[in-house]
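So the protein lines, in turn, are chains L and U. No gaps in the numbering here: position 193 of the first sequence is 193 in the UniProt record's numbering, and each next residue is one more. No gaps in the numbering here: position 42 of the second sequence is 42 in the UniProt record's numbering, and each next residue is one more.
Check before you lean on any hint, since a few could be wrong.
[What the hints assert, rightly or not] Between beta-carbon pairs, the in silico distance windows are:
1) L:Gly442 x U:Pro117: 38 to 46 angstroms
2) L:His230 x U:Arg123: 34 to 42 angstroms
3) L:Lys484 x U:Arg156: 38 to 46 angstroms
4) U:Asp118 x L:Ser600: 52 to 60 angstroms
[Claimed, not checked] Facing chain L, from chain U, some residues (calculated, C-beta under 8 angstroms):
5) Asp40
6) Cys101
7) Ile128
8) Gln153
What the hints contain is simulated information worked out from the structure, not anything from laboratory work. Ideal Cβ positions, reconstructed from N, Cα and C, are used throughout, including at glycine.
Next come the chains, spelled out residue by residue.
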Amino acid sequence: MSFGRMHRKEDARFIRGRGTYTDDVRLPGMLYGAVLRSPHAHARIVSVDASAAEAHPKVKAVITGRTLEGLGLAWMPTLSRDTQAVLATDKVRFQGQEVAFVVAEDPYSARDALELIDVEYDPLDAVVDARRALDPGAPVIRDDLEGRTGNHIFDWEAGDRARTDALFEQAEVTVAQDMIYPRVHPAPLETCGAVADFDKVTGKLTVWCPTQAPHAHRTLYAMVAGLPEHKIRVISPDIGGGFGGKVGIYPGYVCAIVGSIVTGRPVKWMEDRSENLMSTAFARDYHMRGEIAATRDGRIQAIRVKVLADHGAFNGTAQPTKFPAGFFHVFSGSYDVEAAHCEVTGVYTNKAPGGVAYACSFRVTEAVYLVERLVDMLAAELGLDPAELRMRNLLRPEQFPYVSPTGWEYDSGDYPKALRLALDLAGYDELRAEQADRRARGELMGIGISFFTEAVGAGPRKHMDILGLGMADGAELRVHPTGKAVLRVSCQSQGQGHETTFAQIVGQELGIPADDVEVVHGDTDQTPFGLGTYGSRSTPVSGAATALVARKVRDRAKIVAAAMLEASPDDLEWAGGRWSVVGDPSTGKSLAELALAAHSDLELPEGVEGHLDAAIVYNPPNLTYPFGAYICVVDVDPGTGQVKVRRFVAVDDCGVRINPMIVEGQIHGGLADGVGMALMQVMAFDEDGNHLGASFMDYLLPTAVECPSWELGETVTPSPAHPIGAKGVGESATVGSPPAVVNAVVDALGPYGIRHADMPLTPANVWRVVQGRPFRTDLAIP
Amino acid sequence: MRVTVTVNGQPHTREVEPRLLLVHFLRDELGLTGTHWGCDTSNCGVCTVRLDGVPVKSCTVLAVMADGHEVTTVEGLERDGELDTVQKGFVECHGLQCGFCTPGMLLTARWLLDRDPDPDETRIREAISGQLCRCTGYENIVRSIRWAAASEQEARS
Numbered sequence: 001m002s003f004g005r006m007h008r009k010e011d012a013r014f015i016r017g018r019g020t021y022t023d024d025v026r027l028p029g030m031l032y033g034a035v036l037r038s039p040h041a042h043a044r045i046v047s048v049d050a051s052a053a054e055a056h057p058k059v060k061a062v063i064t065g066r067t068l069e070g071l072g073l074a075w076m077p078t079l080s081r082d083t084q085a086v087l088a089t090d091k092v093r094f095q096g097q098e099v100a101f102v103v104a105e106d107p108y109s110a111r112d113a114l115e116l117i118d119v120e121y122d123p124l125d126a127v128v129d130a131r132r133a134l135d136p137g138a139p140v141i142r143d144d145l146e147g148r149t150g151n152h153i154f155d156w157e158a159g160d161r162a163r164t165d166a167l168f169e170q171a172e173v174t175v176a177q178d179m180i181y182p183r184v185h186p187a188p189l190e191t192c193g194a195v196a197d198f199d200k201v202t203g204k205l206t207v208w209c210p211t212q213a214p215h216a217h218r219t220l221y222a223m224v225a226g227l228p229e230h231k232i233r234v235i236s237p238d239i240g241g242g243f244g245g246k247v248g249i250y251p252g253y254v255c256a257i258v259g260s261i262v263t264g265r266p267v268k269w270m271e272d273r274s275e276n277l278m279s280t281a282f283a284r285d286y287h288m289r290g291e292i293a294a295t296r297d298g299r300i301q302a303i304r305v306k307v308l309a310d311h312g313a314f315n316g317t318a319q320p321t322k323f324p325a326g327f328f329h330v331f332s333g334s335y336d337v338e339a340a341h342c343e344v345t346g347v348y349t350n351k352a353p354g355g356v357a358y359a360c361s362f363r364v365t366e367a368v369y370l371v372e373r374l375v376d377m378l379a380a381e382l383g384l385d386p387a388e389l390r391m392r393n394l395l396r397p398e399q400f401p402y403v404s405p406t407g408w409e410y411d412s413g414d415y416p417k418a419l420r421l422a423l424d425l426a427g428y429d430e431l432r433a434e435q436a437d438r439r440a441r442g443e444l445m446g447i448g449i450s451f452f453t454e455a456v457g458a459g460p461r462k463h464m465d466i467l468g469l470g471m472a473d474g475a476e477l478r479v480h481p482t483g484k485a486v487l488r489v490s491c492q493s494q495g496q497g498h499e500t501t502f503a504q505i506v507g508q509e510l511g512i513p514a515d516d517v518e519v520v521h522g523d524t525d526q527t528p529f530g531l532g533t534y535g536s537r538s539t540p541v542s543g544a545a546t547a548l549v550a551r552k553v554r555d556r557a558k559i560v561a562a563a564m565l566e567a568s569p570d571d572l573e574w575a576g577g578r579w580s581v582v583g584d585p586s587t588g589k590s591l592a593e594l595a596l597a598a599h600s601d602l603e604l605p606e607g608v609e610g611h612l613d614a615a616i617v618y619n620p621p622n623l624t625y626p627f628g629a630y631i632c633v634v635d636v637d638p639g640t641g642q643v644k645v646r647r648f649v650a651v652d653d654c655g656v657r658i659n660p661m662i663v664e665g666q667i668h669g670g671l672a673d674g675v676g677m678a679l680m681q682v683m684a685f686d687e688d689g690n691h692l693g694a695s696f697m698d699y700l701l702p703t704a705v706e707c708p709s710w711e712l713g714e715t716v717t718p719s720p721a722h723p724i725g726a727k728g729v730g731e732s733a734t735v736g737s738p739p740a741v742v743n744a745v746v747d748a749l750g751p752y753g754i755r756h757a758d759m760p761l762t763p764a765n766v767w768r769v770v771q772g773r774p775f776r777t778d779l780a781i782p
Numbered sequence: 001m002r003v004t005v006t007v008n009g010q011p012h013t014r015e016v017e018p019r020l021l022l023v024h025f026l027r028d029e030l031g032l033t034g035t036h037w038g039c040d041t042s043n044c045g046v047c048t049v050r051l052d053g054v055p056v057k058s059c060t061v062l063a064v065m066a067d068g069h070e071v072t073t074v075e076g077l078e079r080d081g082e083l084d085t086v087q088k089g090f091v092e093c094h095g096l097q098c099g100f101c102t103p104g105m106l107l108t109a110r111w112l113l114d115r116d117p118d119p120d121e122t123r124i125r126e127a128i129s130g131q132l133c134r135c136t137g138y139e140n141i142v143r144s145i146r147w148a149a150a151s152e153q154e155a156r157s
């Protein structure tokens, strides 16, 4: 019926350039804001003199930290129960931090006026290396927090330490490796920004901003601005990519709101690319030490991990507050291990806050990278083929539901099947033979495998929240008399195709065409409360809510059908998109007929109030666990160190696929992200905390030339935790692909005796190895 | 300064600051918001328009440089209510997700097919290499352009 490939409903506006992104919003009388940013990574603010800027003829207001202090708005809560300066008052803590905000009649004048603000700084030593941040003599970054004498944020652990240690002591083989998952940035092509419009008469504040979580934003604005929540409307229009970076609230949003309140006019603020790269949510920045213990015949017994997590100057990670390191404790991956233990220590450094962005599903990305590198290293140590080693250790289908050593219940899966399919699609044996031939000729060819299990669909209220808000999502379904429907959901699309996917779910459940279902999202005045789109939670949570609310409608329609057919509801069956008397399809009433009847003068039975509309709040019973097997083939040019991804085979299992076309598109994008992270992306800083890559000339993203043509395969293992058996897929490929690429490059460099190399594997870094020089493992801090 | 720029066949005369970028001229002066703004350094390509037929990054072209010239934006692709073949191709082959890079990709694709009606995959990838997409992994963009090329070839034969 409605599941299956169909063209996206949202394309009609996008291919005509008729989308409405935040920067496209123009209101009468609108003013423009610009942010003055710190040139230092760490400095005391001695004074801020804005008088010259205020005197600029086109400037309407200059807001400084002192202005905000007077309003009680100088600090705001972060998504991790920390605080973040909206505009710095005491000192600046990362380069690019917000110091002042100018509101002017046009955007160019606003930027001109920034140069007229005179800020006197007293520079302090900066600490940008997480390992140094814990030194007793390290500069204390968060001296605003009472009693803080160092940069330590949290210690967190999961798993069974004693059992893990014991297994390591008895192990026949162990492998250990330090690894860095460097700081990267999601870099959506649309930067962040906001249009704030405060109406003094009604007291209503309307904010347009590209947020992945409009309702959470509204609640936070209410908390920050002290405005009543029912007087705030957050509109998240079309969004030009999010990747997690548009979950949090940035100081510019708050400044635009204050600017509108102060001037009485709408204020637009759009950041430029440098601002986006320097100040909005980064991802990763994990220094990991991983160890794996095994028997000589390749049976993995235990995994042990220690992580130092760089959270920047303010802990602004968007993640369940009960897990300071997110879902990192799925680090035992897809393998049947006896015990596992991890410790994560979070630290402040003089870098931008944020964290847990970039399609990483709350740190699963780092976890999968770690275990997949360790497994490859173990294979090398044992002299086993990495595919064979994985096959020996993958969880078997009969083990599901499987409770991991760190307490997660994996819902369903057939892992060996997925790996076998990937090996077949790639022609693995032939590839290995080709590699041997090429090696004999002195050529560097590498084959990398990764197998991943994701944990998505956050999540059950008993476990998961953001800022104390449970991660449930609402859905409301209205069926018009003619049988056309409007679905209102709390999640928000950043390009995933929700308007199509969710319409298909409703269509499938109600037996009506997906084109007859309008999906409304991204407007808090029009949609039910819910936590939004991130961590691949749209299909697992909102998609489930959508299916269940449609079933509620169907149940209401059944009562109407019973009245129309003069039968007992118990005697009706739903078949072929109609309610009919069991065994007599000719009596069937379609949803459209029943909707009209529900609105008609028909004597309505008890339980039906004159329409079929329904609402639901969905609290998922469990996460969903998509998985996949990826194989990457690379050629490395020994002369230049350049890595060419020749082939990439990706087999994904995300349960039931609602629109396979959209699923494949999501996977393609994630694979490109992974190749970019593995080969070119890194946010580098010098030792003074200066950002070394705040433009796309320095922070490199993959183009069509670096990406191969992706080869996809699929298996389908429905999730028992989801009403239609679907699992999330938005981040799978970003999680699974970096280890495949790195494993392939390390494999290619085998003749040089390399066993590990840190990302990004740039030509310069690879060339160093080929020249017999050591890899630089400290690229993030050159 | 006074400039007259013909955009999508329609001349527009405006008084502008000499430093005004073409992307802002199109978006803010003319309200043609299909052209996006993404990086200021000519790297991302979401602001790509055709200036006298040639794709340019309008974030690094001044409006005054377009004085007396012809600009085509995504709004100018559709003719008499009929989508351009490349637009149809992008819908057909799922060549877009968030839609932010799409206008620039479409204009470059149109330019490519005007010059080379039957480009192979390598040629297509080279042609769009100045434009970033963060959603699609490029696979379906390439397919979309090939679909458009094939369908135009079929229409000609």
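Quick rundown of the hints versus the structure:
no., hint, result
1, L:Gly442 x U:Pro117: 38 to 46 angstroms, "holds, 42 angstroms"
2, L:His230 x U:Arg123: 34 to 42 angstroms, "violated, 56 angstroms"
3, L:Lys484 x U:Arg156: 38 to 46 angstroms, "holds, 41 angstroms"
4, U:Asp118 x L:Ser600: 52 to 60 angstroms, "holds, 59 angstroms"
5, Asp40, "holds, 6 angstroms"
6, Cys101, "holds, 6 angstroms"
7, Ile128, "holds, 5 angstroms"
8, Gln153, "violated, 21 angstroms"
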